[in-house]
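Peer 1: Listed below, chain by chain, are the residues.
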Amino acid sequence: MPLVLTEEQSMLRDSARGLISDKAPVSHLRGLRDSKDATGFSRDLWKAFAEMGFSGLLVPENFGGSGLGCVEAGVVMEEIGRTLMPSPFLSTAVLAVSALSRGGSEAQKSAHLPGIADGSLLAALAIDEGAKHRPLQTKLQAVRSGNGFKLNGAKALVVDGHTADLLIVAGRTGGAAGERSGLTLFLVDLKANGVAIERTVMVDAHNAARIEFANVEVDADHVLGEVDQGAALLDGVLNIGRGAVASEMVGLSEEVFSRTVSYLKERKQFGKLIGEFQALQHRAAQLYIDIEITRAAVLKALQTLDGDFDRASAAVAVAKARAGTTATLAVQEGVQMHGGMGMTDQFDIGFFMKRARVCQELFGDSNYHADQLARMKSY
Amino acid sequence: MSDLETFRRETRAWLEANCPPEMRRPMTSENDTYWGGRNAKFSSEPQRVWFERMRDKGWTVPDWPKEYGGGGLDRAEHKVLREEMAAMGARSPLSSFGIWMLGPALLKYGNEAQKKEHLPKIAAGLIRWCQGYSEPNAGSDLASLQTRAESDGDDYIITGQKIWTSYANYADWIFCLVRTDPTAKKHDGISFILFDMASKGVSTKPILLISGYSPFCETFFDNVRVPKSHVVGTVNRGWDVAKYLLQHERAMISGMGERGVGRPLGQVAADSVGTDEQGRLEDAMLRSQISTFEIDEAALGAAAERAVDLAKAGQSHPAFSSAMKYYGTELNKRRHEILMSAGGIDALEWESERSRGGARPRAWLRTKANSIEGGTSEVMLGIVAKRILDLPGA
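Those sequence lines, one after another, are chains A and B. Residue 307 in our numbering is what sits at position 307 of the first sequence, and the numbering runs on without skipping anything. Residue 81 in our numbering is what sits at position 81 of the second sequence, and the numbering runs on without skipping anything.
No wet-lab data here; the hints were simulated from the structure. No residue lacks a Cβ here, since even glycine has one placed at the ideal position from N, Cα and C. Any given hint might turn out to be false.
As the list claims (entries may be wrong) - So the derived list for chain B, only partly shown, Cβ under 7 Å to chain A, looks like this: (1) Asp-56; (2) Gly-266; (3) Val-268; (4) Ser-291; (5) Ala-385.
Stated by the list, open to error - These stretches of chain B come out as covered by chain A in the derived footprint (C-beta under 8 Å, 3 or more residues): (6) 219-228; (7) 293-302; (8) 316-329; (9) 371-382.
Chain A on its own, in the form it takes in the complex (with noise of 0.2 Å):
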């Protein structure tokens, strides 16, 4: 498979690079943080995500979808990425589609993804407790009770944990903190009695939601998956959205990225354009050539998941803690290099810097995926 983009991913990105410039610049997601807005994002903006097919893109086709791959989602992450446009596609389009189509039933199958494809019902997966990204470490109590179980605990950094109408949360039905057995992934109505949401106002001005679960019963039934087997079906899941959060933070990087650049041939000091002083020319040249190998890697892990799933997890680690240090040294040489300007609220360049603070936790950063690469070649 050829590295780059064919023509129809071409022609998907043109189409959603139009609608989210039209219809979501930077000053959307400005807008939604000033006014305090309580969904966080627009409805009427994922209703036409929904209507372009974007809603349903990794939805297989008899259930509505376009079935389309990972590296269409990238696509349309990565666009995403240029303009921070806040969107339930990440939590339900990617994650949730992914964990249903993955590992759900013919029933949960149909009873979910239609309305993900036709953008009626949103989603959220609820995976870590703790301060860092570390799936293993669920502790979530799930204890056989009835016809089905009893959920007890807490989850932090539910991305549009408040906004969804369905959850997938990560619990633990056997095992302790640390194994792999024991973990299962289960199907919860946001409504469901126990359930508690408390959203949470992020530095990015994206949506996410700290949920407690008190004695919250789900039917047997609503369990994604096997039980005690849920690992295999969250590492390929969570891959996925390493994928995509990795393909929104080479956007990130990139736009950041041009703007600076413009910046260097406009803005003058001591009489001359500031993008004639080879310290920064040799900055702005280093970090160009970061994006663009961390772009190829990116493009690579997401080929490898569409082609090769169970062998993608190294190419993953590799994109995802690529992208995280990429976005980290964009956002950073962005502010630097505006200036006191970079500094100011009025600037879009800070917007960039929160969002790449959060998508590098997001799934893990890239010291997580560095471990991980270390633990996969044993040393």
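Knowing the structure of chain A, use the given hints to seat chain B on it.
Peer 2: Frame of chain A; chain B shown alone:
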């Protein structure tokens, strides 16, 4: 089954049957390879066998046209061959500046007579080439070269000096930049010319490096007579040829790290620093350096693959090889710093059987030239800044 799948199956079978086991192990140094040429000697029987079989198939230059001694493979087939060779660790049968650098330039700028004369000999490893670009006071400012070619009837008389001429003392012919119009602006009076190193007036002197090796030479031209028909491309427009060739040189240098791949760094480090009960390296900082390096190395591998695919799709920027050259050479230096660090005092041994003649420290020192040769890292960043990012000139 598609044609390409059939080709892959047949290629794999042929390689399995024809690549000797000894040629499926990583090279230990730059010298552990066949360079061809009039005075070439094989270092082993498997090396000879492997070279001759590949040559006979045209696979020393798989993507060159058959009429010039190539394999005539299309892009997809060439990629399959590379993948299959990589999968079994098969070495390149022939190392050659003729293949990596001159060949592509001749294919683009050479006239038919020149192509017919030189390309088949490059493909068959009959002539070993060296590159006459750098001059003592030019350095990165390559176009300020002074070696002059004065017209004398049908010939040029060439006088001057080159430096950093890789393996000039072993080379049969040279591709060389000379000044054919001293009055023109510096980029406009240069021609690209080919001549035999056995010509009267050519002499070479090896330069000993910090690695203890002398892969480079000073090269002197004292009234060397060369027919004008040996100019490639247009007289005084040699800079175009030179730049095109440099892209290939940079692509080659950026890939040098991959060619030297031996045992995984994690294993090398585990041998000397040891592991804890969970199998993790005792030196946590070194472990982190290695994994971060391997992330960057894998990403560069993807970028190299993408660069080829972009070029095929007609979407690549001509200056992108400078970006790859910069990153590849800096990364290769990092690899060797880690190898030295992982080896500890064992990596410091300079002369002994156990250290294979100090292979590791010599290789480490050799890599320091990567970010200087073929244009320094600073020159590469300047090219990216000006030609790709379009930043204003200072």
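Peer 1: Using the nearest Cβ pair, does Val-268(B) come within less than 7 Å of chain A?
Peer 2: violated (9 Å)
Peer 1: Counting residues of the region 293-302 of chain B whose CB is closer than 8 Å to a CB in chain A, do you get three or more?
Peer 2: holds (count 7)
Peer 1: Verify the coverage statement for the region 219-228 of chain B against chain A, using a C-beta to C-beta distance below 8 Å and requiring 3 or more qualifying residues.
Peer 2: With 0 residues in contact (Cβ-Cβ under 8 Å with chain A), the coverage given for the region 219-228 of chain B is violated.
Peer 1: Measuring from the C-beta of Ala-385(B) to each C-beta in chain A, is the shortest one below 7 Å?
Peer 2: holds (4 Å)
Peer 1: Go through the hint on Ser-291(B) and say holds or violated, using the shortest Cβ distance to chain A against 7 Å.
Peer 2: holds (4 Å)
Peer 1: Identify whether the interface hint at Gly-266(B) stands, where standing means a beta carbon of chain A within less than 7 Å of its own.
Peer 2: Given a least distance of 3 Å, the restraint on Gly-266(B) holds.
Peer 1: Are there three or more residues in the region 316-329 of chain B whose C-beta lies within less than 8 Å of some C-beta in chain A?
Peer 2: Per the Cβ count (4), the hint holds.
Peer 1: Taking beta carbons only, do three or more residues of the region 371-382 of chain B come closer than 8 Å to chain A?
Peer 2: holds (count 4)
Peer 1: Is the shortest C-beta separation between Asp-56(B) and chain A less than 7 Å?
Peer 2: violated (30 Å)
Hint compliance for this structure: hints 1, 3, 6 are not met, and every other hint is.
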